[in-house]
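Respectively, the protein sequence lines represent chains A and B. Everything in the first sequence is counted per this note's numbering, starting at 1 for the first residue and increasing by one. Everything in the second sequence is counted per this note's numbering, starting at 1 for the first residue and increasing by one.
Derived by calculation from the structure, the hints in this document are not laboratory data. Yeah, the Cβ is synthetic: ideal placement off N, Cα and C, and Gly gets one too. Just to be clear, a hint being listed does not mean it is correct.
Per the computed footprint, the stretches of chain B lying under chain A, defined by three or more beta-carbons under 8 Å from a beta-carbon of chain A, are [to be verified]: (1) 102–109; (2) 134–144; (3) 185–199.
Some, not all, of what chain B presents toward chain A, calculated at C-beta under 7 Å [said to hold, decoys possible]: (4) Y177; (5) S179; (6) L203.
Taking lysine-lysine pairs in the DSBU-like style, the calculated list, with each CA pair at most 35 Å apart, reads [claimed, not checked]: (7) A/K48 with B/K65; (8) B/K87 with A/K48; (9) A/K331 with A/K205.
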Amino acid sequence: MRPFSYQRATDPAAAAQALAAAVSDGHLLTEASMQPLAGGTTLIDLMKLDVMRPASLIDINPLTSAWSAVALDGGDLRLGALARMADVAAHAEIQRNYPVIADSLKLAASPQLRNMATLGGNVLQRTRCTYFRDVSYGHCNKRNPGSGCAALDGFNRTHAVLGTSEQCIATYPGDFAQALIALDASVDITGRSGTRQVAFAKLHKAPGDTPQIETTLAPGDLISGFTIAGRWPRSVYLKARDRQSYEFALSSAAVALDIEDGMVRDARVALGGVATVPWRAPEAEALLRGQRLDDALVQRAAEAAFAEARGRKHNAFKIELGKRVLARALKQAATMEV
Amino acid sequence: MPDKTDASITSGFDRRSFIAGAAGSAVLPLTARAEAPAAMTPALQDSSRAVDVTLRVNGETRRLKLDPRTTVLDALREHIGLTGSKKGCDHGQCGACTVLIDGRRVVSCLTLALAAQDQDITTIEGLAGRDGLHPMQQAFIDQDAFQCGYCTPGQIMSAVACVREGHATTDDDIREYMSGNICRCAAYPNIVAAVKQAAPAILKG
């Protein structure tokens, strides 16, 4: 690991100013000389791998008391960005009213990592693409813009089939983000010019021609929390992976249904493990709304969700797997006792 | 526990210091034994960058001068001499380095020592009481819950937390909530049995 200096954040605004000052014009946030340290489970790992090379860290854990509340205010759920994954997953109200959130957190990582990792850091965790994580590979457009993508014709079994480009097919690895995007969450951001709220769906950027730019965050931005409107007791997070536990998704589905008298009033569908960014499937949702949910409809929705999917040599299986995972998740949600 | 710890550092004849002494003997006189840990991790030893770090480990306050890059794991092993916590992958994937910080299990390889100040760190060396082994340690022995033993300190620390979290009520629950600790010898069935054996005593105590 390269040397770095360490300081503790005293207040959010000062931290944002310090972080903003560390980004030179035209430089990427992920390559800024100062990085915020929260749980550290991604950052310290990537620093050991020499993928991230900050010269200084600002420890934002001192902001935890301000930014870790979990609260149901009226009809809205507020999640502080420095709440730990394990604590939110174990929260009784979240398990009852938002099983898709509780399960997306519970099925991620390991108990130790969930005790450490924060919600804000979780949504910003970086891809597990081997060609990105191993700096001995020269061709990675995300790490080294313009160098090419070794995954396109390499070992791409775990790579994305949706939202890909000719420059990058790296999978977005998280689980919780699928729950957030499905439930139309918004993100609270503290930046150098104050606080603002943006739609979670606008946080991540698909790779396109600039896979090195992963989010729409500006220099100095810190995620302080998330807000979800309404309650979604009929919701499911289903995750298929190589191991039964402690593994990233090969395919996952976050679904939330509002069903009345057998008719789907509202449907939310997001996919994980198969896309370059947290992936909403509006085509599937449109098919489900206003319909009676049966096997044929579920199948049509699953087909629609993967209509644009593009497989490569080793990952084409994810298209069929993804459809089946989504179909099963929809059926599970439909038959839940709520 | 402090007695044992200090003995292992100063007795000068445990396996670890023997290896360190042997490795360094070509250039260093063995009288430098007390400083030997410093010679073992050259990448972390740049005294010009060292900063003051105070850690509370197993109830004892330790004042150290550390490179900011030092993880809790390296601080324990290389600077304090508590080598019970093991370095497996050093990337948070295997769980061998699991310790409790303020009672919560974490991977010490991804925790910076600087960020762990003012918190209570409990390692495998701090688990046993005056009356002998902790119930989880005894259960691992009774159930033969290891072969090579390298993952065992991490397994035991994780298992203690698993029980206290209330995640040791069924075999499936134990398997799920112990999944962050990999055992290359695949002693998993016996680890599940050990967690089950120790759970009632831990919950009662």
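**Request:** If any of the earlier hints don't hold here, list their numbers in rising order.
**Result:** Of the numbered hints, 2, 3, 6 do not hold.
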